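Peer 1: Sequence:
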Amino acid sequence: MRTTRLLGALTAAALAVGLAACSSPVSGTGDADAPADAGSGFPVTIEHVYGETVIPAQPERIATVAWANHEVPLALGVVPVGMSKATWGDDDGDGVLPWVEERLTELGAETPVLFDETDGIDYEAVADTRPDVILASYSGLTKEEYETLSKIAPVVAYPGNAWGTSVDDMITMNATAMGMAEEGEKLIDELHAQVEAALDANGALRDKKVLFAYLDPSDLSQLGYYTANDTRPGFLNESGLPMPEIVAKHADSTDFYLTISAEKVDQLADVDVLVTYGDDTTLATLQADPLLSKIPAVAAGHVAILPDATPLAASANPSPLSIPWGLGDYFALLAEPLSK
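If you use my numbering, the sequence shown corresponds to residues 35 to 374, in order.
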């Protein structure tokens with residue numbers, strides 16, 4: 035997720051897949067590991083923001099760009115030939131987030147080629163992997179990027195707003211492009227069950243309004259927050275948590291991040307929990323500020339702090355493998371301040 039990751043850095047979904055049909059990985063090299071019905075149901079047409087992409091035959095070599103798209107094939111037992119390098123939330127500097135490392139180990143697979151997207155898409159690196167399809171249903175691809183990638187292989191772009199694709203839609207689009215639509219639906223059902231179980235285990239969160247915010251300690255004159263177009267609050271809402279009024283009123287916004295003046299924080303009176311990236315000084319900073327301290331959730335200490343640039347912080351942007359890896363810890367972190 036290049037744009038969202040950069041904003042996260044600037045401002046700071048091991049999947050126990052119950053899919054017996056995916057117990058053997060498809061290596062991505064087009065050999066005996068390919069599914070027996072390879073090619074059935076093709077060609078398929080995927081609609082997206084830039085029109086339609088036709089995939090003529092079941093792809094054997096799958097490349098992915100942007101945040102987390104590689105997790106769909108991996109969750110379904112398919113190892114991509116290339117994928118985006120993680121540059122935020124990576125705990126050991128190898129360019130792979132821990133839940134992806136665990137899945138690769140489960141599949142007995144080596145790390146695919148990593149595309150460094152720090153300065154934009156590395157088209158040459160993508161082309162060198164000789165993909166049959168490029169998955170990017172969760173991304174912010176520009177029209178130019180989409181057209182350039184399309185010269186390499188058919189591209190699955192995002193369906194509507196940049197960086198606004200839900201986990202369900204990401205799975206559906208990417209899995210369909212792979213010829214694994216049914217397996218994708220099973221994966222979605224698995225993840226929904228895990229989300230419900232995590233919410234049950236943290237019942238204090240039920241019916242609570244969570245604002246996913248950002249605090250810049252060098253400028254407390256405003257508070258940033260993510261809209262429903264961003265997958266972080268979007269996921270919480272899809273999990274059954276109601277949106278705070280300030281988020282709900284921008285539900286149709288194409289922006290994924292907005293700010294509010296510290297002088298208008300009375301608009302945050304209905305927020306039950308404020309979650310933000312930070313450290314052990316963040317709550318004290320908020321409570322010491324003459325304006326931000328007036329937010330009821332702040333005054334009550336109902337602030338959840340995601341340690342900045344850690345895997346847990348990265349997992350708050352949900353993905354097929356991060357949900358089972360860290361959702362329990364994430365929901366526990368959100369619920370813990372409510373005990374104060």
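Keep in mind that the hints are not guaranteed to be accurate.
[What the hints assert, rightly or not] Pairs of lysine-lysine residues, derived as BS3-like cross-links and limited to a Cα-Cα distance of at most 30 Å, are as follows:
no.: 1; residue 1: K242; residue 2: K374
no.: 2; residue 1: K220; residue 2: K242
no.: 3; residue 1: K298; residue 2: K242
no.: 4; residue 1: K283; residue 2: K242
[Stated by the list, open to error] If you anchor each label on the Cβ, the simulated ranges turn out as follows:
no.: 5; residue 1: L254; residue 2: A215; range: 46 to 54 Å
no.: 6; residue 1: G194; residue 2: A282; range: 14 to 22 Å
no.: 7; residue 1: E297; residue 2: S184; range: 24 to 32 Å
Calculated from the structure, these hints are not laboratory results. Given the structure is predicted, the values throughout are model-derived calculations rather than measurements. The beta carbon of each residue, even a glycine, is placed where N, CA and C say it ideally should be.
Peer 1: Take the hints in turn and mark each one as holding or not.
Peer 2: Evaluated hints:
For the proposed pair K242 and K374, the alpha carbon gap of about 15 Å is at most 30 Å, so the pair holds. Using a Cα cut-off of 30 Å, the hinted pair K220 and K242 holds, with the two alpha carbons roughly 29 Å apart. Proposed proximity of K298 and K242 is supported: the alpha carbons are some 22 Å apart, at most 30 Å. Note on K283 and K242: the hinted pairing holds, with a Cα-Cα distance of about 17 Å set against a maximum of 30 Å.
Remark: the range hint 46 to 54 Å for L254 to A215 is upheld by a beta-carbon distance near 48 Å. About 19 Å separates the C-beta atoms of G194 and A282, a value consistent with the hinted range of 14 to 22 Å. Between E297 and S184 the beta carbons are some 48 Å apart, a value that contradicts the proposed interval 24 to 32 Å.
Of the numbered hints listed earlier, the single one contradicted by the structure is hint 7.
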